[in-house]
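Visitor: Here the protein sequences line up with chains W and C, keeping their order. Just so we're aligned: the first sequence equals residues 1 to 442 in my numbering. Just so we're aligned: the second sequence equals residues 1 to 506 in my numbering.
Keep in mind the hints are simulated off the structure, nothing from the lab. Fair warning: there could be bad hints in the mix.
Unchecked claim - Computed beta-carbon distance windows for the label pairs: (1) 389(C) x 369(W): 33 to 39 Å; (2) 351(C) x 91(W): 26 to 32 Å; (3) 357(C) x 392(W): 52 to 58 Å; (4) 373(W) x 487(C): 40 to 46 Å; (5) 392(W) x 490(C): 41 to 47 Å; (6) 385(C) x 14(W): 22 to 28 Å; (7) 48(C) x 188(W): 32 to 38 Å; (8) 195(W) x 473(C): 22 to 28 Å; (9) 401(W) x 389(C): 30 to 36 Å.
What the hints assert, rightly or not - Beyond 10 Å from chain C on every Cβ pair, some chain W residues (computed): (10) 35; (11) 48; (12) 75; (13) 76; (14) 193; (15) 203; (16) 243; (17) 333; (18) 424.
To be verified - Cross-link-like lysine-lysine pairs, in silico, DSS-like; alpha carbons within 30 Å at most: (19) 2(C) x 98(W); (20) 372(W) x 85(C); (21) 14(W) x 284(W).
Bear in mind the structure is a predicted one, so any value in this text is a computation, not a measurement. We put the beta carbon where it would ideally sit given N, CA and C, even for glycine.
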Amino acid sequence: MQTKQEISNVNSIKFECETGNYHTFCPISCVAWLYQKIEDSFFLVIGTKTCGYFLQNALGVMIFAEPRYAMAELEEADISAHLNDYMELKRLCSIIKKDRNPSVIFWIGTCTTEIIKMDLEGIAPKLEAELGIPIIVARANGLDYAFTQGEDTVLAALAQSFGLKTFNQEGIKETSSSNLILFGSVPNSVVYELTKELEAFDINVKGWLPAKRYTEFPILNEKDFVCGVNPYLSRTATTLMRRRKCQLIGAPFPIGPDGTRAWIEKICSVFNKSPYGLEEKENKVWKNLQNYTDLLKGKSIFFMGDNLLEISLARFLIRCGMVVFEIGIPYLDKRYQGAELSLLEKTCEKMGVFLPIIVEKPDNYNQVDRIKDLEPDLVITGMAHANPLEARGINTKWSVEFTFSQIHGFTNAKNILELITKPLQRQQTNNVFVSNLVNATS
Amino acid sequence: MKLAYWMYAGPAHIGTLRIASSFSKVHAIMHAPLGDDYYNVMRSMLERKRDFTPVTASVVDRHVLARGSQEKVIQNITRKDKEEKPDLVILTPTCTSSILQEDLQNFVNRASQDTKADILLADVNHYRVNEFQAADRTLEQVIKFYIEKAEKNKVLSSQKTEYPSVNIIGPCNLTFHGQHDVAELKHLLTDLGITVNTILPEGSSVDVIKDLPKAWFNVVPYREVGLLTAEYLQKAFNMPFIDTPPIGVLETANFIRQIQKILSEQGVLKDFEEYIDIQTRFISQSAWFSRSIDCQNLLGKTAVVFGDATHASALTKILSEEMGIKVLVSGTYCKHQQDWFRTQVADHCQEVLITDDHTLVADMIARLEPSAIFGTQMERHIGKRLNIPCGVISAPVHIQNFPLSYRPFMGYEGSNQIADLIYNSFTLGMEDHLLEIFGGHDTKDIETTTLSNEIDWDSAASNELKRIPGFVRGKIKRNVEKFAKTNNLNTITLDVMLACKEDGNV
């Protein structure tokens, strides 16, 4: 929940919206990290060759490791409704059940299932009853969403249905008296770390959405408190509030030591706990990061935008002493990200730098023009633009790496800065290399 | 519906984009949802291109779904026309847009009234053809369009060049070792006194298409892309073409003899036999190599070959005819080329496999247990699982198959490269004997060195340690143990690991 004060602050940041002609990953890519996170799951992406080709290329070597995901590849007969969707899905899911015996099957709807209006939500309950496996439907398609929002659709679907159907409740017991549930898929070591951080202030976490296994998901009660750890989970937050009547703690996200501290403080304030010693802890982390922040001080950065982590990362990097020219972002939920936006404002004020412009649905072509004019020290961008920009003398960092690295909590701030400083350090060695070349030849 | 984990050939629009982005000054506009422009990533990453990929999307979103694209596609085309000033814009439908059934041809007609560039709608069915067939079809479409345009404007070059010349048709972006093959082909043709008229589409402008008929004949180095164009040019201008991939010493000789025949039919008598003889015996090392004593070890060894039609057939012939290796199965995923493929490999292998299902290939390899596999990246991973060496000979491939150094597969230098690849894939001869005599390698586990054995890892902590990638695990283990020692801790728990990390020690 945000205060009026926060909303009025938000209004003073400059927001723009462009054409939406930008490069990003298709949201079905969320299966890559979700199938690894939820160990007893199977993800079935119902789409065409195009979807399959994307997954196979984007996920690289993962595809060879007997992954727990597959394509239900639609053929011409499926498109023209010569084949019965229900029968086809039943056939494939029976094979999956026999071969892999998962505790849950996720159906990932795609653009094609949207266009031909395949009634996945209608078919799922019938098949669920017949096969005896929960089936969760998430519409992670490129018509509506970008990249990490795929996770949002999956978690929203989980939040909506979990613990409501009869066979889900068997074996699930209320194990904790606490009523705080955190949502967002992060690696298990990050789960452990963030849970520990809160325990230090006598706040117990009842559970995480998602947990390691589908069967370990927490029970959701009305009035439970929920708090997000990722900035792209606005649908999940909405679902938890509206459908499950949970209370959302609107906090900045635990990315960077400043974000982590603000996140803990906000939760502490809700539970009436004193965040004693937290400031010292944050300062200690900053001290450990000094080698990196020295290098970043005064350097400029430009986010082209593709994974919705941009605002949190920009806020952290401004606190590190950087200047942010532009924050491109696919989609901005000003309510869900309200606390993060106001922390961004406060950080700019504190560091004495101008507020960056936030560009929703950016236009990559225009952005490249602006990059040429502004000549930032670093551009955070997708792989489609990275090599061409490098060839034009502009340092880049591949944005997808932030999605696949551990970036949450106090200890992982170092990972973010390692990613950020790598291209800058490489530039230094390159400069030495080039000047040596010149010396050798002259 | 089909349950699929992996596919050998990509969707149709990838083929169209490979052709479009290979030409200079041609821009492709995809009618596609957000995220479908993944081709740009592949081209930029795999081929390490320095230029921006000339492909943009006219995004199909929820609004388009509700109301149709309306002016959006036309605006995107005219905008690109102004920004990039391309010669040609190819509107590329995707599987998503093809089921929307919008009248894209109408958009093309209307947009071309306001643009300097020519506009074409790629004519491919997304549910019936794959990447290769679409590339083949799009190349033919572009060439036919510009030939007809040139005829209409009376600028078509119908006069043959004075000396023998050739068009190389088919090499395009993301072709397996494509740029090296083109360089080697040019080298070979120069040796034969034949000038290269054009190479299409790689690096060419659409302006050169009107000069295609000047060449004496066409060469299609890869079966997958270019055959339709060559057939069209044969029909329209009576131009002969060669579709034998010049891969391997024997097939390269065959290729050169076909050129000799074509030239003699057009009144130029040449004798390339001496050239073939010198190249085979002295320039190329592979013929001598396969006779050398080392290669005796390869005799009777078994192999399985799988890949696209061009490379799988060529490798099958090289293995069986040039190296004396027994090819148990030769297969391709290019189903539309299966008749040709069968005629090529029938005499050189025990069994032919035509499939695009990688699990069938994996089962076949597991059943046959060949000494080596020659296939795509998928077969390399199958080989890894079964502990069988694999040489990668065909797309689909990873970034390491776009080497910086000169690695053609075609011509005489190509045959050297292939000989190395084949030889290095099998276990070396002497090693082989030693393994047999002494019953295998030293298999004793090497224990990781630790500072001491006094420190215990509880099960949660050691599980966490196992999740850390192998190449840094040792370092992290040592750091945590050092941290524990300095803090007088005897058991390492998750808390200790976290404390160590907090301390900045990991």
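Visitor: For each hint, tell me whether it holds in the structure or not.
Guide: A quick look at each hint next to the structure:
1. Our hint of 33 to 39 Å for residue 389(C) and residue 369(W) is violated, since their Cβ atoms are close to 50 Å apart.
2. Between residue 351(C) and residue 91(W) the CB atoms are about 30 Å apart, so this pair conforms to the stated range of 26 to 32 Å.
3. A beta carbon spacing of about 43 Å between residue 357(C) and residue 392(W) contradicts the range 52 to 58 Å that was offered as a hint.
4. Remark: the range hint 40 to 46 Å for residue 373(W) to residue 487(C) is contradicted by a beta-carbon distance near 53 Å.
5. At roughly 56 Å, the beta carbons of residue 392(W) and residue 490(C) sit outside the given window of 41 to 47 Å.
6. The supplied range of 22 to 28 Å is broken by residue 385(C) and residue 14(W), whose beta-carbon atoms lie about 54 Å from each other.
7. Checking the proposed 32 to 38 Å range against residue 48(C) and residue 188(W) shows it holds: the Cβ atoms sit about 35 Å from each other.
8. Taking the beta carbon of each, residue 195(W) and residue 473(C) are about 24 Å apart, inside 22 to 28 Å as hinted.
9. For the pair residue 401(W) and residue 389(C), the beta carbons lie near 32 Å from each other, so the given range of 30 to 36 Å is met.
10. The Cβ of residue 35(W) lies farther than 10 Å from every Cβ of chain C, with a closest approach of about 12 Å, so its non-interface assignment holds.
11. Not every beta carbon of chain C lies more than 10 Å from that of residue 48(W), the smallest distance being close to 4 Å; the non-interface claim is violated.
12. Residue 75(W), annotated as away from the interface, has a beta carbon of chain C within 10 Å; the closest lies near 6 Å.
13. At the 10 Å boundary, the C-beta of residue 76(W) falls inside the reach of chain C, the nearest C-beta of that chain being 4 Å off.
14. Under the 10 Å C-beta cut-off, the non-interface status given to residue 193(W) relative to chain C is violated; the minimum distance is some 6 Å.
15. At the 10 Å boundary, the C-beta of residue 203(W) stays outside the reach of chain C, the nearest C-beta of that chain being 17 Å off.
16. With a minimum CB-CB distance of about 22 Å to chain C, residue 243(W) clears the 10 Å threshold, and the non-interface call stands.
17. Every beta carbon of chain C lies more than 10 Å from that of residue 333(W), the smallest distance being close to 17 Å; the non-interface claim holds.
18. Against the 10 Å criterion, residue 424(W) stays outside the reach of chain C, whose nearest CB is about 20 Å from its own CB.
19. Distance check on the hinted pair: residue 2(C) and residue 98(W) sit about 16 Å apart at the alpha-carbon level, within 30 Å; holds.
20. Of the pairs offered as hints, the one joining residue 372(W) and residue 85(C) holds, with about 20 Å between alpha carbons and a cut-off of 30 Å not exceeded.
21. A threshold of 30 Å between alpha carbons decides the hint, and for residue 14(W) with residue 284(W) the separation of about 33 Å lies outside it, so the pair is violated.
When each numbered hint is compared with the structure, violations occur for hints 1, 3, 4, 5, 6, 11, 12, 13, 14, 21.
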